[in-house]
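S.K.: Each chain, written out:
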Amino acid sequence: MAQILAPSTQWQMRITKPSQNASPITSKMWSSLVLRPNKKVGATSSAKFRVMAIKSDNSTINRLEQLLNLDVSPYTDKIIAEYIWIGGTGIDVRSKSRTIPRPVEHPSELPKWNYDGSSTGQAPGEDSEVILYPQAIFKDPFRGGNNILVICDSYTPQGEPIPTNKRHKAAEIFSNPKVQAEVPWYGIEQEYTLLQTNVKWPLGWPTGGYPGPQGPYYCGAGADKSFGRDISDAHYKACLYAGINISGTNGEVMPGQWEYQVGPSVGIEAGDHIWCSRYILERITEQAGVVLSLDPKPIEGDWNGAGCHTNYSTKSMREDGGFEVIKKAILNLSLRHVDHISAYGEGNERRLTGKHETASIDTFSWGVANRGCSIRVGRDTEKNGKGYLEDRRPASNMDPYVVTGLLAETTLLWEPTLEAEALAAQKLALKV
Amino acid sequence: MTIISDLINLNLSDVTDKVIAEYVWIGGSGLDLRSKARTLPEPVNDPSKLPKWNYDGSSTGQAPGQDSEVILCPQAIFRDPFRRGENILVMCDAYTPAGEPIPTNKRHGAAQIFNNPEVAAEEPWYGIEQEYTLMQKEVNWPVGWPVGGYPGPQGPYYCGVGADKAFARDVVDSHYKACLYAGINISGVNGEVMPAQWEFQVGPAVGITAGDQLWIARYILERITEAAGVRLSLDPKPVTGDWNGAGAHTNYSTKSMRNDGGYEVIKTAIEKLGKRHSEHIAAYGEGNERRLTGKHETANIKTFLWGVANRGASVRVGRDTEKEGKGYFEDRRPASNMDPYVVTSMIAETTILWKP
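Going line by line, the protein sequences match chains A and B.
So the first sequence is numbered by the working numbering: it starts at 1 and just counts up by one.
So the second sequence is numbered by the working numbering: it starts at 433 and just counts up by one.
Bound conformation, chain A alone (with noise of 0.2 angstroms):
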């Protein structure tokens, strides 16, 4: 009897390598999760969802998804590799493969790389090469196999970070003793928000007008409520295939724009998780031909915009009197407030305006269970005294190396003087 080889359970039966519970996500898996063509979404949209894939026209087969989805396994040992880096912009980021002998466990057994820094902004002309260094690694959703995904940092053929290389400096952070030995933990909410190819619209809004007011989207379901959940879904499943540590996803308070959490993470690995989630939600966007914005005020007027809140804790403060060192390192951001600011995302300002659950960027301002303040203590910590705290200033945009590195130093390596330490504890209410 002839047999037929289907994609699918052909990588069921291949599944023979180490360290894989789940099989991966196969095209035909993809095309029932993503958006199916010409399906209308939302009462009034006139957004058309493509498969990015191309729409075969022999209309009879496709033969593209059999070679995508190809377990080259039994033939080679060879893996794909793909290198992925942070562009000039400081939020672009950028990709190309390479191929591997054999697959790999950690990332110092992969080869250094380079790439023509001249076509990301980050390097001249007549001395283009910025070399690529391999962090961590991660399994390709997309490729599946033993294939996977290395995130990067760029440096000079000199061996120095270039100016747009955060992670460096963070690294060093997290290397100080002081900061390793209070093994700091980072829980990030990303927000995003998703918008129509062709206009820079958001998905699911009538063009040319508005949908009804904010109200109904927050973790809504419904044809007129929810836009886009299989981009959601099917991140979070590759997330979790890729191994990258996603805890939670809902739908936003404003319609196309949704949230997902990445943590607990310890130290430099927060920043790790979040770039690749990153660039695995920007592969999916392009696939189901949708636009990923991580603009922090996607659009003006009474509509929310999007933030990247970060909750943090030390050892100490998820000890037994854990809310008195809580407290002392608001006093610390308290008097840092600018320098977080700065470093909190462009366009921030557009953002924290003190509505639409935000404090203005002017003011530094905390409370418990307070949605409006800068730093957010949950009523949980409050009762249990120990736990963490939520900085809710950085934008959706903000640079997760940066904003964790900066976290980690203001709270445990940086001093203010007595003088100001007492001016800000008065002024903040605070008994430490």
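Please note that a few of the clues may not be correct.
What the hints assert, rightly or not - Stretch-level coverage of chain B by chain A, calculated; a stretch enters the list once three of its residues show a Cβ under 8 angstroms from a Cβ in chain A:
#1 602 to 609
#2 650 to 661
#3 742 to 751
What the hints assert, rightly or not - With a cut-off of at most 30 angstroms between alpha-carbon atoms, the simulated DSS-like pairs for lysine-lysine come out as follows:
#4 78(A) - 481(B)
#5 112(A) - 699(B)
#6 468(B) - 450(B)
#7 166(A) - 237(A)
#8 569(B) - 200(A)
#9 112(A) - 755(B)
#10 687(B) - 78(A)
#11 169(A) - 755(B)
#12 315(A) - 178(A)
#13 78(A) - 450(B)
#14 787(B) - 704(B)
#15 427(A) - 315(A)
#16 758(B) - 704(B)
#17 758(B) - 699(B)
#18 758(B) - 112(A)
#19 166(A) - 755(B)
#20 758(B) - 78(A)
#21 383(A) - 315(A)
#22 328(A) - 166(A)
#23 327(A) - 427(A)
#24 687(B) - 112(A)
If you're looking for bench data, these hints aren't it; they were derived computationally from the structure.
C-beta atoms are modelled at their ideal positions from N, C-alpha and C, and glycine is treated no differently.
Once you've looked at the hints, dock chain B against the given chain A.
M.R.: Chain B alone, transformed into the frame defined by chain A:
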């Protein structure tokens, strides 16, 4: 799944020993690829065991109608990623019935150069960076570009991600795996500076295999774009104006260059290339003058210029090579539509055999 899908994917190895061999050759324009298939009684691993074949040269501009048979000599075997099983792709070159290579057969001359003992002793390695542009099928305009208009200017697209920056990645990713499956030494892939333009690299490959592998990789790419409903363009300057062209930068090294003291050998080789600049340029692809303007990371077609890490040069030497005193160099002049047999053998000939 439809009946047709099931049949295409039928695994024949359970019911018969027969295999299908797709013979692939280069047509009359020097750039068009042709192929046809035949049944073989059992699997074959050695090209010399495959039968010679023939085709109608008058239909490919390679022979007159009254004497139209052109003979196909199998030269290299690859696994067929479309038919899979034990089926194969066979790279061939073309001869007259009398046994002479026809004028468009550039492999024959290249093979002679690579068989020369002086060249063979130097073990020439090649890494070829093939750039290409994907065009929409119905209009002669790149994929993802608005018809009647242009996308935003170059900047975000190089190695870019996202629906507004990377167009038709599925073609690229399926090509990568198909080539690995076929046994081609594909070493990497990236999105290029112009949107809808991509690049893959083949190598390092020794001598004549560089040409064989690149031609089969081009064939596989054209089969994939056929299935995807987009058109492959190897034109070196598909869109005029402030848009990058498409090249086929050829990285090259010999045994002497890879050993200690290699940097001097490299410099001598580059000087020789400089003395034969016009001969090389004439063989580096039709229409290259539209691409090599001196802008968009190219050197002007009339000047020969070399430099370390300089992407505006004719020949670029990497910083690693300079630092270690040995390595390889990159000839950035070949256009995307170059013939790899011609380019690889000419570089070997000029740098190893030619005495100025």
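S.K.: If you check each hint against the structure, which ones fail?
M.R.: none
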